[in-house]
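Please construct the entire structure, taking both the sequences and the accompanying hints into account.
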Amino acid sequence: MEGQELPYVLIDSIGERYGVYVDHLGFLKKRFHLITMKEYLENKTFLSKKIRAIYMWYHRPAINEELLQSLPNLKVVASSGVGIDHLDLKLISSYGVKVSNTPFAVSTDTADMGMALLLASARRLVEGHEMAVSPDTEYFPADWLGVEVSGATLGILGMGTIGYKVAERAKAFEMKILYHNRNQRKKEEESAVGAVYCKKIDDLLQQSDFVLLAVTLTPQTHKLIGKRELELMKPTATLINISRGLVVDQDALVEALQNKVIKAAALDVTYPEPLPRDHPLLKLKNVIITPHVGSATKKTRWVMMEEMAESIEAGLAGLPVPREVLP
Amino acid sequence: MFRRKGSHMLRILTSLLGRSNLPYKFNRQFGSHRRRCHRSLIYNQRYRIHACAERQAITAGTKVMAEGELPAVLILDIGGTHGVLEDLAALLKKHFQLITMKEFLANKEEMSKKIQSVFVFERRPTIDRELLESLPNLKVIGNSGVGVDHLDLKMISSFGVKVTNTPHAVADPTADIGMALMLASARRLVEGCQIAVSPDTKSFAVDWLGVEVSGATLGIIGMGSIGYKVAQRARAFNMRILYHNRNRRRKEEEEAVGAHYCAKMKDLLQQSDFVMLVVNLTPETHKLIGKKELELMKPTATLINISRGAVIDQDALVEALQNKVIRAAALDVTYPEPLPRDHPLLNLNNVIITPHIGTATVQAIHTMAEEAVANILAVLNGQPIPSQVFPKL
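Sequence order for the protein chains is W and F. For the first sequence, position 151 matches number 151 in my numbering, and the numbering has no gaps at all. For the second sequence, position 4 matches number 4 in my numbering, and the numbering has no gaps at all.
No lab work stands behind these hints, which were simulated from the structure alone. Hints are supplied without guarantee of correctness; some may be wrong.
[As the list claims (entries may be wrong)] Each computed DSBU-like pair below joins lysine-lysine, with the alpha-carbon atoms no more than 35 angstroms apart:
1) Lys202/F <-> Lys285/W
2) Lys171/W <-> Lys263/W
3) Lys287/F <-> Lys299/W
4) Lys29/W <-> Lys154/F
5) Lys263/W <-> Lys94/F
[Said to hold, decoys possible] Label-pair ranges, simulated between beta-carbon atoms:
6) Pro135/W <-> Lys324/F: 35 to 41 angstroms
7) Asp143/W <-> Gly290/F: 31 to 37 angstroms
8) Tyr335/F <-> Lys187/W: 48 to 54 angstroms
9) Ser198/F <-> Gly26/W: 32 to 38 angstroms
10) Arg182/W <-> Thr81/F: 36 to 42 angstroms
11) Lys187/W <-> Gln97/F: 41 to 47 angstroms
12) Pro135/W <-> Arg248/F: 42 to 48 angstroms
13) Asn286/W <-> His343/F: 27 to 33 angstroms
14) His343/F <-> Thr161/W: 39 to 45 angstroms
The C-beta atom is built at its ideal place from N, Cα and C for all residues, glycine as well.
Structure representation (structure tokens):
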């Protein structure tokens with residue numbers, strides 16, 4: 001009888017732009033026999049029966065019906081990050097395959113990114129830097145101003161783990177915090193951050209100086225912020241998006257920014273990513289865009305990897321899968 | 001939004017203008033501020049009044065303005081590149097007769113005797129000996145902003161003129177810019193934005209990483225009002241906070257923000273992931289951070305400066321950044337401002353520079369002006385002065 005073989009896990013690639021981090025290989029190889037897509041395609045007949053899990057790092061490898069059909073022994077798909085809008089959960093489930101994500105690992109860094117974007121936008125940090133280093137700059141004009149963050153009103157749409165962490169941070173800036181959520185949080189939780197529940201999203205939009213989106217992308221939150229919502233916002237307000245590009249009606253956003261219906265936007269997420277190079281959002285001075293880096297720190301990515309490995313191991317051992325996402 | 005600060009300033013102004021003689025009430029209003037405002041305590045403890053007999057006695061007979069006329073204040077200009085902003089001018093006009101430098105120079109004979117105060121906005125107008133000599137009835141220079149390193153306090157005092165600044169109005173927005181720079185540097189926000197909008201970008205690489213702010217160690221050098229507000233904000237990010245200051249803060253103040261005192265700056269430098277400079281510029285803090293200090297910092301550390309450019313040995317900083325002695329720097333202040341266009345700091349991709357915007361918000365510009373007005377009026381009305389700055393003996 002053969003000694004215990006490490007389970008075969010499919011990954012997209014190693015290193016370079018999209019692959020599993022080279023630093024992570026040591027940890028993963030102790031637990032799994034990693035098969036890259038290239039290796040799989042070269043030896044489908046043998047490998048297709050061996051592969052029991054997919055380690056999906058930043059949406060790769062893409063999972064479609066064809067792949068699911070050709071992996072008869074697939075049990076678990078571990079997806080990095082918290083969003084699972086890129087996965088057809090129903091389809092995957094119909095093949096008896098479990099899906100897991102990494103919701104808590106990303107939460108702190110993403111909340112930090114939300115605050116970073118809020119502050120950068122309010123104080124015109126990117127514009128300011130460009131002025132400070134531009135070859136054309138001769139002096140710093142006195143009438144160049146941003147807006148105050150301390151004491152301003154922040155409206156958080158989506159008060160889950162990430163939204164709540166944003167509230168905790170904003171409180172230290174003495175911001176007045178409003179929030180809208182599918183469910184109202186417990187009183188103690190609200191008091192701890194001084195957050196006031198707005199049952200109607202309109203109330204939040206009308207009163208906020210900063211509107212921060214921290215919802216999951218679902219059919220209900222698709223285009224949650226459209227022309228109507230943007231018009232409800234103050235003309236001095238800033239929209240910050242750390243959820244998913246599709247939560248915002250991008251065309252309506254462009255129009256609102258061009259017509260000064262709202263003052264500015266700061267987006268870590270767009271649809272698609274990256275935006276086409278001729279997209280109007282790229283040219284607007286009152287827009288900051290970052291390349292979806294909400295969880296992009298070494299530490300967090302390591303924790304994510306560990307959690308994914310743990311979910312795969314549990315799933316393959318027939319145990320309850322930590323961080324399982326149900327369809 | 002800024003109703004808290006605004007209404008506070010309004011109370012000060014009302015008390016100054018609405019009633020004639022309330023030194024006690026004035027003191028009480030500012031008493032609590034004095035306790036909270038560490039910076040002005042430092043000024044009072046460190047500096048001594050340099051008394052000058054001649055100037056102090058503006059006798060009852062001296063006529064500087066007609067009955068019912070507003071006192072005159074000298075400003076550089078209204079509008080333009082360096083002038084007082086239009087709406088600030090409107091605020092000043094409620095309490096003063098505004099005289100621009102242009103008007104003054106065109107009519108020195110008449111104007112020079114009228115001017116009792118100067119409103120210094122963004123370090124202008126420049127206060128030199130020649131100007132002081134030409135303003136015989138000058139009583140006060142009201143600075144907008146807290147830093148007074150651009151003013152020769154000894155010289156000004158020798159003319160019997162008082163200097164005031166605005167420590168309260170600057171604290172929140174400057175602490176905010178400190179946090180903004182720390183987050184932007186850690187998460188490589190400026191670089192990221194450039195990638196996101198660059199015409200050459202075809203995809204986002206997944207191995208593009210920054211460093212964590214939450215849970216990291218922040219070392220605050222200079223724990224005055226601004227430094228303390230930075231600590232309050234950083235605490236919400238679960239940062240471990242170390243601080244170095246001329247004087248240790250009270251235990252309750254330390255505990256409130258979870259800050260640990262480092263008597264030796266060396267200890268702070270060696271343990272911090274982020275080092276933030278929040279001192280004022282004095283001969284003691286000039287080049288406080290030099291080659292030695294940079295080498296004590298972690299190679300993964302970030303230096304953030306929201307104090308004054310001259311607090312850092314800039315050449316040593318360039319070298320440290322080029323040789324990866326430290327990870328990155330984020331500077332709201334440099335020396336000079338702006339830097340020469342060929343300065344190496346402008347080309348390093350691990351450096352963020354902002355154009356000295358620590359108080360550049362619509363609201364802060366107003367509250368600073370209100371605070372400066374309150375100070376100027378206190379001097380002119382012979383009332384206790386909220387934020388006087390004294391030269392060191």
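Hints, verified against the model:
1. Lys202/F <-> Lys285/W: With a Cα-Cα distance of about 21 angstroms, the restraint between Lys202/F and Lys285/W holds, given a limit of 35 angstroms.
2. Lys171/W <-> Lys263/W: 23 angstroms, holds
3. Lys287/F <-> Lys299/W: Status holds; Cα separation ~34 angstroms.
4. Lys29/W <-> Lys154/F: 70 angstroms, violated
5. Lys263/W <-> Lys94/F: Roughly 31 angstroms between the alpha carbons, so the hint for Lys263/W and Lys94/F holds.
6. Pro135/W <-> Lys324/F: 35 to 41 angstroms: Since the Cβ atoms of Pro135/W and Lys324/F sit about 26 angstroms apart, the hinted range of 35 to 41 angstroms is violated.
7. Asp143/W <-> Gly290/F: 31 to 37 angstroms: 35 angstroms, holds
8. Tyr335/F <-> Lys187/W: 48 to 54 angstroms: About 52 angstroms separates the Cβ atoms of Tyr335/F and Lys187/W, which means 48 to 54 angstroms holds.
9. Ser198/F <-> Gly26/W: 32 to 38 angstroms: At 34 angstroms between Cβs, range holds.
10. Arg182/W <-> Thr81/F: 36 to 42 angstroms: Violated: the Cβ-Cβ distance is about 51 angstroms, outside 36 to 42 angstroms.
11. Lys187/W <-> Gln97/F: 41 to 47 angstroms: 56 angstroms, violated
12. Pro135/W <-> Arg248/F: 42 to 48 angstroms: 46 angstroms, holds
13. Asn286/W <-> His343/F: 27 to 33 angstroms: This hint holds: roughly 28 angstroms between Cβ atoms.
14. His343/F <-> Thr161/W: 39 to 45 angstroms: 44 angstroms, holds
When each numbered hint is compared with the structure, violations occur for hints 4, 6, 10 and 11.
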